[in-house]
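Colleague: So you can see what is in the structure, the chains are spelled out below.
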Amino acid sequence: MSLTARTLEAAGIPTVVLGCAKDIVESAGVPRFLFSDFPLGNSCGKPSDVEMQRSILAMALNLLDTATAPRTTVQTAFRWTEDAAWKRDFYKLDMTPEQIARAREEMDGQKAILASKLASG
Amino acid sequence: MTTTEAPAEFIEATLDLPVRYIDRSRNYYLTLGYDNPYRWAHNEDVPFALMAKPVSEARIALVSTAAPYNPEKGNQGPWAPYNADAKFTRVYSMPIDPAPDVRISHVGYDRKNTSAEDINSYFPLARMKEAAAEGRIGHLNERFYAVPTLRSQRLTTERDAPEIIELCRQDRIDAAVLVAT
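Residue numbers (the working numbering), protein chains in the order written: chain A, 1 to 121; chain B, 1 to 181.
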């Protein structure tokens, strides 16, 4: 999504990106980025927390109005949970050889599905 | 280089830092035995376009990576495992009324902590409609756009993003809200 934002912006269309992967978005480099330090998949706020979702959208719209230079990142003040334990979970590496083999097999299957989709247009 | 020794604890959890997904995904795929880890985009220069008018007077489009729910494409519900079959391969647009049912089972989010049970956590259309009704958004575009996630930077920059630009021009869009998943 960062690359799409860059391409739109280069064509003169201002953009704001809402996201949770700070390193990925900032490495790609985007004009305006609203970062929430949440697990991937919750860029617009916690499920069922309408007030938080409203607040995050409002911050994104404010960023469109107020940014004056590219790479403007604003971080929302919300926490996903009291502690940071959820940050231990994604892409965990403490797998047994059997778990690694199973994960590899699963990923090969998913890659094959995508490859056949791309091949068939 | 050995990649089989897992750290006892990710430093981001210890110090409450933003998760370093580039490092983690790279180590994960190396551990799985793939020898060509994904190279995330890295750019020095970043383009910038100033808003020509305030959001409260602008035509705003929502741009998503979510896919229309298709009952024939396997599990796309809350806590669904990664589902490449639910991926779409071309840019699409759909009306915002009636509100579409779009899902994210086809992208690599955090399956342990993210339920994807509430569309509003990844597709802010309802919140944007409220903002338009309140006048915070001048005009919410009657259709949203979606970009496929195909792990190909070339397809995104050379084919898909230009198609989004064309849609924006057709709809005279002043600014876009993009949601990364």
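It is worth saying that the hints were derived from the structure and are not from the lab.
As the structure is a computational prediction, the values presented were derived from the model and not from experiment.
Incorrect hints may have been included.
Chain B regions said to be covered by chain A (calculated; three or more residues, Cβ under 8 Å) [stated by the list, open to error]: (1) 66-74; (2) 95-103; (3) 153-163.
Straight-line distance between alpha carbons at most 27 Å, and here's what the computed BS3-like set of lysine-lysine pairs gives [stated by the list, open to error]: (4) A:Lys-111 - B:Lys-73; (5) B:Lys-112 - A:Lys-22; (6) A:Lys-92 - A:Lys-22; (7) A:Lys-92 - A:Lys-111; (8) B:Lys-87 - B:Lys-73; (9) B:Lys-87 - B:Lys-53; (10) B:Lys-87 - A:Lys-22; (11) B:Lys-129 - A:Lys-111; (12) B:Lys-87 - A:Lys-111; (13) B:Lys-87 - B:Lys-112; (14) A:Lys-117 - B:Lys-129; (15) A:Lys-92 - B:Lys-112; (16) B:Lys-53 - B:Lys-112; (17) B:Lys-129 - A:Lys-92; (18) B:Lys-87 - A:Lys-117; (19) A:Lys-111 - A:Lys-22.
Think of the CB as a built atom: it goes at the ideal place given N, C-alpha and C, for glycine as much as any other residue.
Colleague: Give a verdict on every hint.
Modeller: Going down the list of hints, with the structure as the test:
With 0 residues having a Cβ less than 8 Å from any Cβ of chain A, the region 66-74 of chain B misses the three-residue criterion, and the hint is violated. With 0 residues bearing a CB less than 8 Å from a CB of chain A, the region 95-103 of chain B misses the requirement of three and the coverage assertion fails. Coverage of the region 153-163 of chain B by chain A holds in this model, with 6 residues showing a Cβ closer than 8 Å to a Cβ of that chain against a need of three. At roughly 16 Å between alpha-carbon atoms, A:Lys-111 and B:Lys-73 fall within 27 Å of each other, so this suggested pair holds.
Among the hinted pairs, B:Lys-112 with A:Lys-22 is consistent with the structure: their alpha-carbon atoms are about 19 Å apart, no more than 27 Å. Using a Cα cut-off of 27 Å, the hinted pair A:Lys-92 and A:Lys-22 holds, with the two alpha carbons roughly 19 Å apart. In summary, the hint linking A:Lys-92 to A:Lys-111 is supported, as the alpha carbons are separated by about 20 Å, within the 27 Å threshold. Between B:Lys-87 and B:Lys-73 the CA atoms are separated by roughly 9 Å; this keeps the pair inside 27 Å, and the hint holds.
Straight-line distance between C-alpha atoms of B:Lys-87 and B:Lys-53 comes to about 36 Å, which puts the hinted pair past the 27 Å bound. Restraint check for B:Lys-87 and A:Lys-22: satisfied, since their Cα atoms lie roughly 24 Å apart, inside the 27 Å limit. For the hint linking B:Lys-129 to A:Lys-111, the alpha-carbon distance of about 37 Å lies beyond 27 Å, and the restraint is violated. Between the alpha carbons of B:Lys-87 and A:Lys-111 the distance comes to roughly 11 Å, so the proposed pair stays at or under 27 Å and holds.
Using a Cα cut-off of 27 Å, the hinted pair B:Lys-87 and B:Lys-112 holds, with the two alpha carbons roughly 21 Å apart. For the hint linking A:Lys-117 to B:Lys-129, the alpha-carbon distance of about 34 Å lies beyond 27 Å, and the restraint is violated. Between A:Lys-92 and B:Lys-112 the alpha-carbon distance is near 11 Å, which keeps this suggested pair within the 27 Å criterion. About 42 Å separates the Cα atoms of B:Lys-53 and B:Lys-112, which puts this hinted pair outside 27 Å; it is violated.
Our distance criterion of 27 Å between C-alpha atoms is broken by B:Lys-129 and A:Lys-92, whose separation comes to about 38 Å. For the suggested pair B:Lys-87 and A:Lys-117, the alpha carbons sit about 8 Å apart, so the restraint of at most 27 Å is met. Note on A:Lys-111 and A:Lys-22: the hinted pairing holds, with a Cα-Cα distance of about 25 Å set against a maximum of 27 Å.
Violated hints, listed in ascending order, are 1, 2, 9, 11, 14, 16 and 17; each of the other numbered hints is respected by the structure.
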